[in-house]
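Chains as they are written, first to last, in the working numbering: chain A, 211 to 428; chain B, 542 to 946.
It should be emphasised that the hints constitute simulated quantities derived from the structure, not laboratory data.
The reader is advised that the hints may include incorrect statements.
Taking lysine-lysine pairs in the DSS-like style, the calculated list, with each CA pair at most 25 Å apart, reads [what the hints assert, rightly or not]:
{"no.": "1", "chain 1": "B", "residue 1": "K900", "chain 2": "B", "residue 2": "K873"}
{"no.": "2", "chain 1": "B", "residue 1": "K793", "chain 2": "A", "residue 2": "K317"}
{"no.": "3", "chain 1": "B", "residue 1": "K801", "chain 2": "B", "residue 2": "K787"}
{"no.": "4", "chain 1": "B", "residue 1": "K787", "chain 2": "A", "residue 2": "K317"}
Predicted model, so just to flag it, every value in this text is computed and none were measured.
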Amino acid sequence: MRVVLAEDLFLLRDGLVRLLQAYDFEIAAAVESGPELDRALAELEPDVAVVDVRLPPTLTDEGLQCALRARRARPGLPVLVLSQHVEQLYARELLADGNGGVGYLLKDRVFDAEQFVDAVRRVASGGTAMDPQVIQQLLSRRAADEQRPLQRLTPRELEVLELMAQGRSNAAIAAQLVVTERAIAKHTSNIFAKLGLEVSDDDNRRVLAVLAYLDQDR
Amino acid sequence: MVRAAVRGLGLSAVLLPGAVLCYTLALVSIALIPIGVGLVTTPWVLGGVRAFADWRRRLAERWGGVSISSAYRPIPEDANPWARTVAMLGDPATWRDLRWLMVDMSAGYLTALLPAVLVLWPIEGFALALGLWRVFPDDYWYGFVPVSDQASAFGAAALGGVVLLVAHRYAVDALQLHFRLTKALLSPSQAELAERVRILTQTRRDAVDTSAAELRRIERDLHDGAQARLVAMGMDLNTIEMLIEKDPEQAKRLIAQTRKSSVDALAELRDLVRGIHPPVLAERGLGDAVRALALRLPVATEVSVELPGRGDAPVESAAYFAVSEVLTNAVKHSGADRIWVDLHHEDGMLRISVTDNGKGGAVVSPGSGLAGVERRLGTFDGVLAVSSPAGGPTMVTMEIPCALS
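Put together the whole structure using the sequences plus the hints.
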């Protein structure tokens with residue numbers, strides 16, 4: 211799997227390259243600025259891009275802008291965005307085109323190599339990887355609202371919803387909660403019924419529907 | 542010379558009705574305050590007086606090269622009529638304007654008219670000499686020259702010539718005199734400048750105090766938080782090094798613990814950074830930073846932003862923390878279930894309003910969060926006004942003079 215990596219701090223870039231190579235990713239390019247990233251994404255056609263939000267020369271949200279531009283040029287181009295802080299505002303922009311193949315994680319998540327690599331793979335295959343912090347923000351906002359159907363979910367269903375919104379598959383959720391995949395499937399169909407969402411067999415569609423539900427304006 | 546005469550004539554034609562109208566309306570409106578009508582009209586009328594005075598300031602600058610500084614105390618756009626009236630009447634600049642209007646409609650009028658008179662009057666003298674004297678009765682006087690025949694008409698023409706010479710030499714100066722008179726009456730007085738210096742000293746001291754307190758807080762947070770965690774992690778790594786061969790299981794457990802420590806340290810640093818200068822503010826500017834802030838609130842918040850550019854970093858930061866504090870207040874105390882934030886920039890002012898549909902009754906009491914916001918904004922000559930009748934809604938408006946780039 212070919213990866214384009216953009217990170218301006220040498221130590222982190224170096225660490226990420228080694229981590230990804232250890233898990234058999236091919237690093238097509240490891241760049242350190244916005245313009246270089248633009249070029250790499252246009253010319254190298256990677257399977258997935260791992261991008262830091264803040265990149266030179268502006269040191270603002272250059273990385274995010276490059277990623278959004280590249281996805282406009284090539285809809286669905288898998289992009290995993292890393293940042294020192296996560297903002298629902300940015301998550302919303304990344305998800306806006308509804309194409310999937312999007313990840314948005316805190317840089318700390320790299321510490322857990324297995325989970326991080328799993329997220330990269332998921333994004334590369336058109337799935338979603340949202341940082342638990344983003345999901346918690348969404349859920350806590352929703353939960354504060356009394357008339358909302360979220361109140362009708364059981365604690366276990368909320369747990370499943372949270373993991374599902376992060377982009378995990380039923381199998382992964384089952385493994386994390388130490389239950390069978392069938393139990394999870396039952397929970398998810400209950401959740402969808404209670405929230406009034408259309409059931410879909412496609413994992414990615416399902417995640418996007420949940421995220422859209424959580425993020426809709428009250 | 543002719544230009545000065547034309548300008549003086551035009552000016553005096555507008556000046557007299559303008560000044561008289563402004564003056565009478567202002568007096569009537571202020572006199573009507575006790576019966577309430579004045580409360581509504583006074584801010585409008587005084588606003589008009591200020592616009593008139595500012596127009597004359599610009600004219601003095603453009604036509605006479607006389608620059609007159611305009612120093613009115615800022616008044617929040619959305620303050621209620623009572624607050625506006627009180628603020629305007631408390632501003633010495635208002636009374637200075639009214640004094641100026643009185644002089645303007647007398648001496649100011651005459652000095653504006655003088656160049657025109659100096660230029661136009663000689664024309665009559667020449668016209669008399671050219672035969673106009675025949676039309677007038679015998680005892681017609683042109684200045685101090687009695688005009689009764691052609692010879693005396695020539696005398697009138699001679700006088701006109703002399704006046705014209707005077708006009709040629711002094712017409713421009715006469716108009717200049719008018720602008721100097723305006724400057725003398727419309728410039729901020731020594732006392733106002735002293736007041737300004739007092740406010741600047743005060744806000745500077747507040748700013749220094751605030752930033753010193755902030756630095757102390759950051760030092761303490763780093764010392765007790767991230768720094769302590771890093772020390773603990775260093776010690777853990779030491780232990781892991783010792784254990785790794787003797788007791789690999791224990792070592793693995795410690796590694797997991799160390800990793801968790803590093804995650805916690807990062808989370809603490811992230812919160813600290815957010816308190817110093819939020820990353821979204823640096824990356825996106827005030828509008829998106831406030832949008833991101835609103836998304837974190839437990840209360841549904843609508844944000845509308847109309848900012849054509851970005852302000853200076855210190856102003857953006859002050860505005861952000863002001864909005865943040867006001868929003869926190871609203872969420873904590875108002876019991877509102879909806880909040881509206883509006884940010885826009887006009888006439889060199891950044892205007893922010895935060896409205897909630899809560900129970901009202903908010904006041905700027907000393908030591909409260911709002912007083913802190915007021916102090917912080919003061920550093921940038923910004924102002925804050927609160928309108929919060931019992932029963933709501935509460936509206937907090939802030940204004941900061943700033944340029945966007």
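Verification of the hints:
1. B:K900 with B:K873: Given pair K900 (chain B), K873 (chain B) holds - Cα atoms ~12 Å apart, limit 25 Å.
2. B:K793 with A:K317: holds (22 Å)
3. B:K801 with B:K787: Holds, because 23 Å separates the two Cα atoms, which is no more than 25 Å.
4. B:K787 with A:K317: Roughly 33 Å between the alpha carbons, so the hint for K787 (chain B) and K317 (chain A) is violated.
The structure shown violates just one earlier hint, number 4.
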